[in-house]
Amino acid sequence: MVTQARFEVRTRGREVRDVTADVARVVAGSGVETGLCSVFIRHTSASLMVCENADPAVLRDMEAFMARLVVDGDPLFEHSAEGPDDMPAHVRSVLTQTSLTLPVTDGRLALGTWQGVFLWEHRYAPHRRTIVVTVTG
Amino acid sequence: MVTQARFEVRTRGREVRDVTADVARVVAGSGVETGLCSVFIRHTSASLMVCENADPAVLRDMEAFMARLVVDGDPLFEHSAEGPDDMPAHVRSVLTQTSLTLPVTDGRLALGTWQGVFLWEHRYAPHRRTIVVTVTG
Amino acid sequence: MVTQARFEVRTRGREVRDVTADVARVVAGSGVETGLCSVFIRHTSASLMVCENADPAVLRDMEAFMARLVVDGDPLFEHSAEGPDDMPAHVRSVLTQTSLTLPVTDGRLALGTWQGVFLWEHRYAPHRRTIVVTVTG
Numbered sequence: 001m002v003t004q005a006r007f008e009v010r011t012r013g014r015e016v017r018d019v020t021a022d023v024a025r026v027v028a029g030s031g032v033e034t035g036l037c038s039v040f041i042r043h044t045s046a047s048l049m050v051c052e053n054a055d056p057a058v059l060r061d062m063e064a065f066m067a068r069l070v071v072d073g074d075p076l077f078e079h080s081a082e083g084p085d086d087m088p089a090h091v092r093s094v095l096t097q098t099s100l101t102l103p104v105t106d107g108r109l110a111l112g113t114w115q116g117v118f119l120w121e122h123r124y125a126p127h128r129r130t131i132v133v134t135v136t137g
Numbered sequence: 001m002v003t004q005a006r007f008e009v010r011t012r013g014r015e016v017r018d019v020t021a022d023v024a025r026v027v028a029g030s031g032v033e034t035g036l037c038s039v040f041i042r043h044t045s046a047s048l049m050v051c052e053n054a055d056p057a058v059l060r061d062m063e064a065f066m067a068r069l070v071v072d073g074d075p076l077f078e079h080s081a082e083g084p085d086d087m088p089a090h091v092r093s094v095l096t097q098t099s100l101t102l103p104v105t106d107g108r109l110a111l112g113t114w115q116g117v118f119l120w121e122h123r124y125a126p127h128r129r130t131i132v133v134t135v136t137g
Numbered sequence: 001m002v003t004q005a006r007f008e009v010r011t012r013g014r015e016v017r018d019v020t021a022d023v024a025r026v027v028a029g030s031g032v033e034t035g036l037c038s039v040f041i042r043h044t045s046a047s048l049m050v051c052e053n054a055d056p057a058v059l060r061d062m063e064a065f066m067a068r069l070v071v072d073g074d075p076l077f078e079h080s081a082e083g084p085d086d087m088p089a090h091v092r093s094v095l096t097q098t099s100l101t102l103p104v105t106d107g108r109l110a111l112g113t114w115q116g117v118f119l120w121e122h123r124y125a126p127h128r129r130t131i132v133v134t135v136t137g
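Top line first, the protein sequences correspond to chains X, A and H.
Heads up, the first sequence is in my numbering, so the first residue is 1 and it goes up one at a time.
Heads up, the second sequence is in my numbering, so the first residue is 1 and it goes up one at a time.
Heads up, the third sequence is in my numbering, so the first residue is 1 and it goes up one at a time.
Next comes chain X alone, as it looks inside the complex (with noise of 0.2 Å):
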């Protein structure tokens, strides 16, 4: 059994967003009992993450990592056409996830209690992301 859907997810320049209860309810509607959902998005400069839930500090703690550690204007980057943070984008999706996989139990994403799931727009403006969700089981 194989349910696919996508959504878009409108984000307003760089900031982290939590995608869990989208992803749920595709989950939902499949019918699976036990299985695997798998999340993926179709961007090289946005990513996915699976992090801590509740204290929005995290999130805030997480991009002042990234910030650091991928500079932004880093005069490393040759590929910098579209700005500053063109090619941090990129490094930073590929330090993080583009695919997920996380599992179904009795009809539902087996998260842990603190977990949820975060899109990553790296790039400053607004963007148009497209996430693909498949459940099978």
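Bear in mind the hints are in silico, worked out from the structure with no lab data behind them.
Just so you know, even glycine gets a beta-carbon here, dropped at the ideal spot from N, CA and C.
A couple of the hints might just be wrong.
With the C-beta cut set under 8 Å, the calculated list includes, among others, these residues of chain H facing chain A [unchecked claim]:
(1) MET1
(2) GLN4
(3) GLU8
(4) THR11
(5) THR34
(6) PHE40
(7) HIS43
(8) ASN53
(9) THR134
Chains A and H: place on chain X using the hints.
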């Protein structure tokens, strides 16, 4: 065909633990000959990685690298309610893996000769960590 | 329905290689219309990533960033039996991907327009690298 099982690892605090045999046991019991084995950790302060399985120095070096990259008690971090290892544990998890998808061939994990599956505990204190294994084929 | 195939890439030493067409060929041959394509590399010193596929400068910048982050010959590393690129190769692998899960839609990889699938060789010397592709649906 879908088989799903959970197992618990009691960590002794920050450490890397080989869980390859635990995962392989679920694959062996599944009866799946050709397919996939998904490994998922239900936490955001412990993570998974596929790493070299022969020389223990590799795991020590991995920890040394990560400890230097993500500094415990870094004043950058706002989220430190649970101590200096709290936010670094979340960052380490995001930089490594929460989910792994491994091929199953001839009824066994098709890992390379030097590959093992490891749980990385990022907190100082001992924890009970739950891993969900889903085998499909 | 499960199809599994392997292919080998002979790398010329440290480099990034586009393997999208090799993966797509397995998907095309599988007959799967809607499902998932798992890509797995059976090594711990070469890895996978989804990255921008249009401007070669992106791949050069990615390598430059990684080379600065994980310094070859770093005295921090104890495991250096095979040379200054030995332990850095393992770290680079852990910071990127060993497994990717890609959606299949209408019988094809549902990658975004600018996404390619790349093998990243982290060792200086040429190697034969094996990738396992599993298509389910």
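Cross-check of the supplied hints:
Of the supplied interface hints, the one on H/MET1 is violated, with its beta-carbon coming no nearer than about 10 Å to a beta-carbon of chain A, more than 8 Å. For H/GLN4, the suggested interface contact is upheld, since its CB lies about 5 Å from the closest CB of chain A, less than 8 Å. Of the supplied interface hints, the one on H/GLU8 is violated, with its beta-carbon coming no nearer than about 12 Å to a beta-carbon of chain A, more than 8 Å. Contact between H/THR11 and chain A, as hinted, is not supported at the beta carbon level, the nearest pair being about 15 Å apart and thus beyond 8 Å.
A cut of 8 Å between beta carbons decides the hint on H/THR34: the least distance to chain A is about 15 Å, and the hint is violated. The criterion of a C-beta within 8 Å of any C-beta in chain A is met by H/PHE40, whose closest approach is roughly 5 Å, and the hint holds. Given the 8 Å rule on beta carbons, the hint for H/HIS43 holds: about 5 Å separates it from the nearest Cβ of chain A. Nearest Cβ of chain A to the Cβ of H/ASN53: about 22 Å, over the 8 Å cut. The hint is violated.
Evaluation of the H/THR134 hint against chain A yields a held restraint, the C-beta minimum of about 5 Å falling below 8 Å.
Of the hints listed earlier, those the structure fails to meet are numbers 1, 3, 4, 5 and 8, in rising order.
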